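Order-wise, the sequence lines are chains A and B. 39 is the number of the first residue of the first sequence in the working numbering; add one for each residue after it. 39 is the number of the first residue of the second sequence in the working numbering; add one for each residue after it.
The hints are simulated quantities; they were obtained by calculation from the structure and are not laboratory data. These figures come from a predicted structure and were not determined experimentally. Check before you lean on any hint, since a few could be wrong.
Calculated Cβ distances over 12 Å to all of chain A for the following chain B residues [unchecked claim]:
no., residue
1, Glu60
2, Glu69
3, Arg70
4, Tyr99
5, Thr113
6, His115
Here are some chain A residues pointing at chain B (derived, C-beta under 10 Å) [stated by the list, open to error]:
no., residue
7, Glu46
8, Tyr47
9, Phe81
10, Leu93
11, Tyr99
12, Met136
13, Glu140
14, Arg145
A virtual CB, placed ideally from N, CA and C, is assigned to each residue, including glycine.
Protein chains: 2
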Amino acid sequence: MPSGWPKEYYMVIFSSQRTDSEQSHYAVMSERMIELAHQQPGFLGVESVREDGGLGITISYWRDRDSIEAWRQNTEHQHAQSLGRQDFYSWFQTRIGMVTEERAFGRDDI
Amino acid sequence: MPSGWPKEYYMVIFSSQRTDSEQSHYAVMSERMIELAHQQPGFLGVESVREDGGLGITISYWRDRDSIEAWRQNTEHQHAQSLGRQDFYSWFQTRIGMVTEERAFGRDDI
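Chain A extracted, bound-state conformation (with noise of 0.2 Å):
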C-alpha cells in the first residue's frame, strides 16, 4: 500500500469509450480533470489506462464516500461530465466501491 493510504478506501471505476471527437481538446479537458482530482479532499491516487482503439479505464482511489461525492458534484467537473456525455464518450460506466485488500508485487507507490 502506498505509505498514507488508510487500510480500506474507496475507488470510482470509469470505462469509457472515445468518440472520433477532436483529440486535443479532449486531452486538454482530461489532463485538467486529473490535476483537479489531485486537489480535491480526500483524494489519494490515479489509474488510467486508454488503448489505442479508444476504450479506456480509469480508476480514482479516495479516502471515504463523501470525497468522491464532493468530486462528483464539483462545477468544473460537472461541466467535463457534461462534455463526456455530449461528445468524448460513446459510453462510460461508472462504479463505485470499497477496495479492502491489496497486493503489489514490484512496485512501491500507486
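We have chain A; now place chain B onto it with these hints.
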C-alpha cells in the same frame, strides 16, 4: 447493471506493466486466463485495457469473495501467476473490493 448481476458484487483490479518478454506467449496465456475465468463459479465479467507502452488494467467482477479466492487458487491460474512474476510483468498490483453503486451511459452490458 447487466441483467443477472447482483446489486453488490466483488471485483479484482489488476494493474500491471508488461516487460519486453515475447508477446505471442503472453497473448496465448492472457487469452486462456480470460477464457478460464469465464468458466469459474461466481464469475460475472471482465474488462481489460492495455496501452502500447505495456501499462494495463484488467478488472474482473465476481459474485462473492469466495469465488475470487477459488479463482486465485485455481491450478492453471497459479501457473500463469508464476509466469507473470517471472516473465510477463515488471510490476503489478492487485486490489480486491466490493462494488456498491454503478451507473451507465449509452451501454447496456459490461
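Test the statement that Glu60 of chain B is away from the interface with chain A: the closest C-beta pair must be farther apart than 12 Å. Holds, because the least Cβ-Cβ distance between Glu60 of chain B and chain A comes to about 19 Å, which exceeds 12 Å.
Under the criterion of a CB-CB separation shorter than 10 Å, is Tyr47 of chain A in contact with chain B as hinted? Constraint on Tyr47 of chain A satisfied, holds at 9 Å.
Interface hint outcome for Leu93 of chain A [beta carbon to chain B under 10 Å]: holds (5 Å)
Non-interface label on Thr113 of chain B, tested against every C-beta of chain A at 12 Å: The claim stands: Thr113 of chain B keeps its Cβ more than 12 Å from every Cβ of chain A (closest is about 20 Å).
Grab the minimum beta-carbon distance between Arg70 of chain B and chain A and tell me whether it stays above 12 Å. holds (20 Å)
Does Glu46 of chain A pass the interface hint, meaning its C-beta sits closer than 10 Å to a C-beta of chain B? Holds, because the Cβ-Cβ distance from Glu46 of chain A to chain B comes to roughly 8 Å (cut-off 10 Å).
Using Cβ atoms only, decide whether Phe81 of chain A comes closer than 10 Å to chain B, and label the hint accordingly. violated (17 Å)
Does the no-contact call for Tyr99 of chain B survive, Cβ to all of chain A over 12 Å? Since the minimum Cβ distance to chain A is about 9 Å, Tyr99 of chain B lies within 12 Å and the statement is violated.
Over 12 Å from every CB of chain A: does His115 of chain B meet that, or does the non-interface label fail? Per Cβ check, His115 of chain B is outside 12 Å of chain A; nearest 15 Å; holds.
Beyond 12 Å from every chain A Cβ: check whether that's true for Glu69 of chain B. holds (16 Å)
When the nearest CB of chain B is found for Met136 of chain A, is that gap smaller than 10 Å? Met136 of chain A check passes; min Cβ-Cβ to chain B is 5 Å, inside 10 Å.
Restraint outcome when Glu140 of chain A is required to lie within 10 Å of chain B by C-beta distance: Holds, because the Cβ-Cβ distance from Glu140 of chain A to chain B comes to roughly 4 Å (cut-off 10 Å).
Violated hints for the displayed structure, listed by number in ascending order: 4 and 9.
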